[in-house]
Structures are given as structure tokens and as C-alpha cells.
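*Asks:* Top line first, the protein sequences correspond to chains A and B.
Numbers 1 to 274, taken from our numbering, label the letters of the first sequence in order.
Numbers 1001 to 1365, taken from our numbering, label the letters of the second sequence in order.
In short, the hints are calculated from the structure, not lab data.
One or more of the hints may lead you astray.
[Stated by the list, open to error] Simulated crosslink set (DSSO-like; lysine-lysine; CA at most 30 angstroms straight-line): (1) LYS1149(B) / LYS1127(B); (2) LYS1126(B) / LYS185(A); (3) LYS1126(B) / LYS1094(B); (4) LYS1094(B) / LYS1127(B); (5) LYS1231(B) / LYS1094(B); (6) LYS1127(B) / LYS185(A); (7) LYS1202(B) / LYS1149(B); (8) LYS1187(B) / LYS185(A); (9) LYS185(A) / LYS1231(B); (10) LYS1126(B) / LYS1202(B); (11) LYS1231(B) / LYS1034(B); (12) LYS1202(B) / LYS1187(B); (13) LYS1124(B) / LYS1149(B); (14) LYS185(A) / LYS1124(B); (15) LYS185(A) / LYS1356(B); (16) LYS1094(B) / LYS1034(B); (17) LYS1202(B) / LYS1127(B); (18) LYS1231(B) / LYS1356(B).
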Amino acid sequence: MNWYFRSLGARRIVEFVLLVVFVIFFLGPLLNLLILAVSGKWQYPAALPQSWSLEWWQFVLSQDDVLESISLSFLIATVVTVCSIIVCIPAAYAFARIAFPLSRWFLFSFLLTHAFPKMGLYVSIAVLFYKFGLMNTFLGIVLIHMVNTLMFMTWIPSSAFRSVHRAQEESARDAGAGPLRVFWKITLPMAFPGIMVASIFTFLSSLDEAQGTLLVGIPDFKTMPIIMYSIIADYPNTTGAVFSVILTLPTVILLVAARRFVSADVLAGGFQVK
Amino acid sequence: MVQAQRKMQTQVGTAEQGDTEAQLSIRNLSKIFKTGDGVTDISLDVQPGEMVTLLGPSGCGKTTVLRSIGGFLEPDSGDILIRGRSVLNLPPEKRPTAMVFQSYNLWPHMTVQDNLAFGLKIRKRKKVEIERSVTEALELVQLSGAARKYPGELSGGQQQRVALARALLLQPDVLLLDEPFSALDAKLRMEMREELREIQTKTGMTMVFVTHDQEEALSISDRIVVMHAGKIEQLSTPQDIYDRPGSLFVASFIGRINLMRSISDGQHIAVGSKVVQQDGSTSIPAGACTLAVRPEDLYLTGEPDSLEGTIRQVMVLGHYAEVSIHCEQEHLKMFVPREQAAELHSGQAVKVGFHKFTAFSEVSS
Ligand SMILES: Nc1ncnc2c1ncn2[C@@H]1O[C@H](COP(=O)(O)OP(=O)(O)OP(=O)(O)O)[C@@H](O)[C@H]1O
Ligand SMILES: [Mg+2]
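Kindly generate the complete structure, drawing on both the sequences and the hints.
*Replies:* This is the structure in C-alpha cells:
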């Protein structure tokens, strides 16, 4: 046995241990959650539940407001994603191609929305919303979600646009395509992976948003995360587990679907200030 | 036959500058960037079927001229005519030009086939016709098997050939090439050069080629425009530019050359102990001047009127040898056949002579 480890070398062993720790740290809680969600009775010292059951799934899914919240959340996330694309893609293109003064500061200012404590920012926005009658409206929620998504949706596509070389656009002009056709046929398709990644981020972050929604959307707009808070408070642990599985599912599905677009390059490129 | 014809046209073109028949005519083009760099007063006529090369050191404005022709830069003044019509007000997509850029020509999300068909589809050609032209173009650049591949799956040289094929497919009145081979290794570059020349003979297309490689320019051009600091320094055939450089800059930029400080008295030029007679064509006023002699025009000799020196180094480079000679305060390089080089060694005292030379007055250049 010893010779085996020695042949591996110390570095390999350290790497292996780190990997194991990493897996336990990240996948452990998830696994625990999955088991909890399908357990009937599970008392402390046992490694596995004493009995399995889907009764809490039934309970959660039979709640009307739960189902409603799921469809509401998906509706909001879809609208937020579409609106962010419409607003941010042209901005991203402008940042990438047109060198106007202070463009770097504009990009940087998007970071600021993430630098302040969220709640403080939301409260000050809420004051404004109150004046304009946006409290407790669908539009209000969409806007408050977009405060968060503006950053990904501008930075990542902007770097994607920047990676399209001028010569590639120019040779399309040369071949006879007007500026609009060049954008549709050359620039946009080449930047598509970056835009896709940003859109997925946007969708997921909107699905997950609770603070702003809570503040702006009460009392009528209950999204998944908000329902979850109340359910966790009122019912046993297992409901919380069931709910988190439901909440995590879209994330996992989207990320798997997007795997072909998500390359480290695109992500790293998205966060450069140029 | 075609070659001969083109040569004829070239000569006619050279003879009648400003001829309205010119395929491409650049008149007093100027473009100065905010930084103060740019090109000034560029005038050039390119005849149908001619290959003209813009040659000059990095930053001399070659790309600026080419991009102005292609429509990617708006000149400050001057005019650009293609087949007699000004194209200055046309955007790139409306100009009868096609450009091969130095790099990043192809669209990585399209197959080679789609890359090539892009321009033809915009021109609303029939599908069958597009198919056929694309196949022909790929055959022309010897890439018949690559139609279904993506640009990322091709080597650098293959990509540049696809770019060339795409430009050829547009059947431009003038094909513009901006250092299209500079990213390739020496051997491939040579092959591509030959291929381009062959394609040009086959299609009779008018081409403006940009390079900073003088060897490349000498080997493929009908005429060369030597540029320096945004201006045309000399415009002539490769032979002429090599044999009769118009300025000290051209002499030292094109090929290798020995420059010797010398003194002119109006009729004779003295370099060290050797005195040469000026020929009638260029007369150098009395005063300091520079004598330029190609290494291959120097020879070892026993003549009395010659330069005395000692050999510093003999380097055998294949079928010839390069000999460095320290000669009356100058370092000279000369080429000798390999057999002769065997008898030479460093430290040896020799006499060097030459007949062919170009003289440049220090006052004028
Ligand atoms: N967009 C620009 N803005 C400002 N200056 C520029 C611009 N493009 C080129 N220049 C300047 O104009 C000069 C000529 O540039 P150009 O690109 O034509 O050179 P070049 O001869 O093609 O050189 P190279 O062989 O390196 O490609 C350079 O000094 C360059 O710095
Ligand atoms: Mg250039």
C-alpha cells in the first residue's frame, strides 16, 4: 500500500484530499437535503432515515399558493430576462464598440449596485416606487429584479462583443452586407454564447430574488423564495427540504442545458474592466 | 501569353500616368489621424490585371491607403476612382473591392462553405450557381475537401487561402490584400506567394498588395510603391527599384546594400582612395555624398584603382559566401562563390572594386 502512495507523490495526495473535502463541503448538504426531502422519519444518530415517504411532497404540491408562486416566479423571471436582454444588449454592444468618454465608469457603476448593502438600496428605491405607484405591482417587481441583473447582462455580453474582431465585421461589410445584416449574421451569433450565459444568470438570479420582492411586492406578489420563508417557519424541516429541491431544480436543469455555452473563458472575460 | 499581355499593359500604364483607362486611380489622397500620423499626397494608377505592391516599414501608412480604398477609412482629401468612377461616397458594401485582412478574416460560426457563400447569397445568386462557384473557388486555392469544415479546424495557411477564395468569389474590380501571408511561416509564405501569382495570371484580376517584406514585394509585383513616413518614396518596377533606387531610404530598405561616405567634386566621386566617374544621368553636386553598392556588385580585384581592406569574416551560406571586409573606415559586405571563399581567411589583405553604384547627395536626402 505504501509504495502506491509514494509513487503518487505528495502533490497528488494533497490534491486528492482537497478534492474530497471540496466534494463533501458542496455536495454533502445537497445530498442531505435530497434524502431529507424523501424521508418519513429520521432521528438524529441514524445515518439514513428510518422510513421513506413522499407525504411532504404531496403536502407542498397540494398547497395552492405554492403552485401559484412557482408559476409567478417563472413568469417574473422570464419577463425580467427578456426585458434585460432588450435593455442591455444594445448597451453592451455600445460599450464594446463605441469609445465614448467615461464608458469605463459607466460599466463600473453597475458594480456599485452590488457594492451597497442590498436592503439599503432597495429601501431607497422603494421610496421612489411609492411616489410613482409602483409598490405592489408586477412592473415594480420586474424593475427591482433588473437592478440586480443589469450587471451580468451588460458586462458579459459586452466582453462577448469585444471578442468579435473588427476585421470579422469589416470583411462582412466588404462582402456586401449592410451594418444591420452584419450585426445579425456575424456579430450576434458570435457573441451568442456570452449572451446565453448572461441570460441564464439573469433568469436564475430573478428566480432566487427574495429581499426586493418582499419589500416591493407585498402583500399580493408571493414568489417561490417568499413562500419558502413562510413555509419553513411554519412546518417541519422536511417541507423546507422539499421546497429547496423544487427551487434548485430549474437551476440545475438550466445549468446542464447551458453547459455547452458556459466556458471559463466567457465567464472570466465577463468581469474584465476595459 | 496572358503573362506577356499583362506585362504589356503594365508598361503602357507606366508610360501614360494618369490614363483614364486605369482600373484604380488614387489622386492626392491624404489622411491624417488625430495623432498626427497618416499619409499625405498619395497618387497611384493601377492598370487592369496589374499587381501593385505597397511596400514600406511598419507604420508608414500602407494599411491606411488600403483601408481608404476599401471604404473603411474616410480620407481627408483626394479622390479614389475605380474604372473611372469615384467611390469616395460609397460604403464598403457598395464598393467593387474585396479585401483580405491580415488576420481574423473568417467567421468561426460558419462552415467554410457558408463563409464563401455569404457574399453570393447577399447578391441573390441561384443556389446551384453558388454551389458551383464555391466548389470552383476552393479548387483554385487547393482546398477542395474543406467545404464542410469550420475555420477553427483549419491551419493558419488554409484559413488565409479560404479568405483569399472568399475575396476572389466576390469578383471585385480591385482585390486588396493587407499582409495576407505575414502570419505564416517562411515556406508556406513562399508557396502562397506563388499560388497568388498563379491565380492572378489565371483570373487577370487587378490587385493591390501590402507588405513590409521587400523580398515578397520584389518577387510578386508588377510595380512596387515604396512608402516611407506616409509618403510615396518611389514607384517603379521591381528591377528598377532594385537597380536604381531613387533615394537613400529606398536603397537601404530594398535588398542589402553597402553605404560608403564619399566626396563629390561635381564630376567625380572619391571614396577612400578610389575615384569613380559620375555617369551623366544623375549628377551629384560638389560636397559630401553617399555611395551605395550592392554586395553582389563588389568584387575582389588586383586593379590599381580600388579599395584596400582586410577580411574580417567569411560566412559560407549555401552556394555562396558572405565576406565582411574592413575597408578604409567602412564595413563592407560582399558575396563570393563558395569555391573562391575557400581561399579567403580573416585577416587577409584584399583589394575591392566595383563598377555599378548609386550616389546620393547628402544635401538632398
Ligand atoms: N485609427 C488610427 N488612429 C490613429 N492613428 C492611426 C490609426 N490607424 C493608424 N494610425 C497611425 O497611422 C500610421 C500608419 O498606420 P498604418 O496602419 O497605415 O501602418 P502600416 O504601414 O500598415 O504598418 P504595418 O506594417 O505595421 O501594418 C501609424 O503611425 C499609426 O500609428
Ligand atoms: Mg498594416
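*Asks:* Does the structure keep LYS185(A) and LYS1231(B) at a Cα separation of 30 angstroms or less?
*Replies:* Measuring from Cα to Cα gives roughly 38 angstroms; hence the hint is violated.
*Asks:* With the threshold set at 30 angstroms, check whether the alpha-carbon distance from LYS185(A) to LYS1124(B) stays at or below it.
*Replies:* holds (16 angstroms)
*Asks:* Take the C-alpha atoms of LYS1231(B) and LYS1094(B), compute the straight-line distance between them, and say whether it is at most 30 angstroms.
*Replies:* holds (28 angstroms)
*Asks:* Need the status of pair LYS1094(B), LYS1127(B): alpha-carbon distance at most 30 angstroms?
*Replies:* holds (22 angstroms)
*Asks:* For the pair supplied as a hint, LYS1094(B) and LYS1034(B), confirm whether the alpha-carbon distance does not exceed 30 angstroms.
*Replies:* At roughly 27 angstroms apart (the allowed maximum being 30 angstroms), LYS1034(B) and LYS1094(B) satisfy the hint.
*Asks:* Is LYS1149(B) within 30 angstroms of LYS1127(B), Cα to Cα?
*Replies:* holds (20 angstroms)
*Asks:* Holds or violated: are the alpha carbons of LYS1126(B) and LYS1202(B) at most 30 angstroms from each other?
*Replies:* Answer holds: LYS1126(B) to LYS1202(B) is near 25 angstroms, not above 30 angstroms.
*Asks:* Taken at face value, is the distance from the CA of LYS1034(B) to the CA of LYS1231(B) at most 30 angstroms?
*Replies:* holds (18 angstroms)
*Asks:* Mind checking the alpha carbons of LYS1187(B) and LYS185(A) for me, to see if they're no more than 30 angstroms apart?
*Replies:* violated (35 angstroms)
*Asks:* Below or equal to 30 angstroms on CA atoms is what counts here, so check LYS1231(B) against LYS1356(B).
*Replies:* The given pair, whose Cα atoms are some 28 angstroms apart, holds under the 30 angstroms limit.
*Asks:* Would you check the hint for LYS1202(B) and LYS1149(B), treating anything up to 30 angstroms between C-alpha atoms as holding?
*Replies:* holds (27 angstroms)
*Asks:* Tell me if the straight-line CA distance from LYS1202(B) to LYS1127(B) falls inside 30 angstroms.
*Replies:* It holds: about 25 angstroms lies between the C-alpha atoms, which stays within 30 angstroms.
When each numbered hint is compared with the structure, violations occur for hints 8, 9 and 15.
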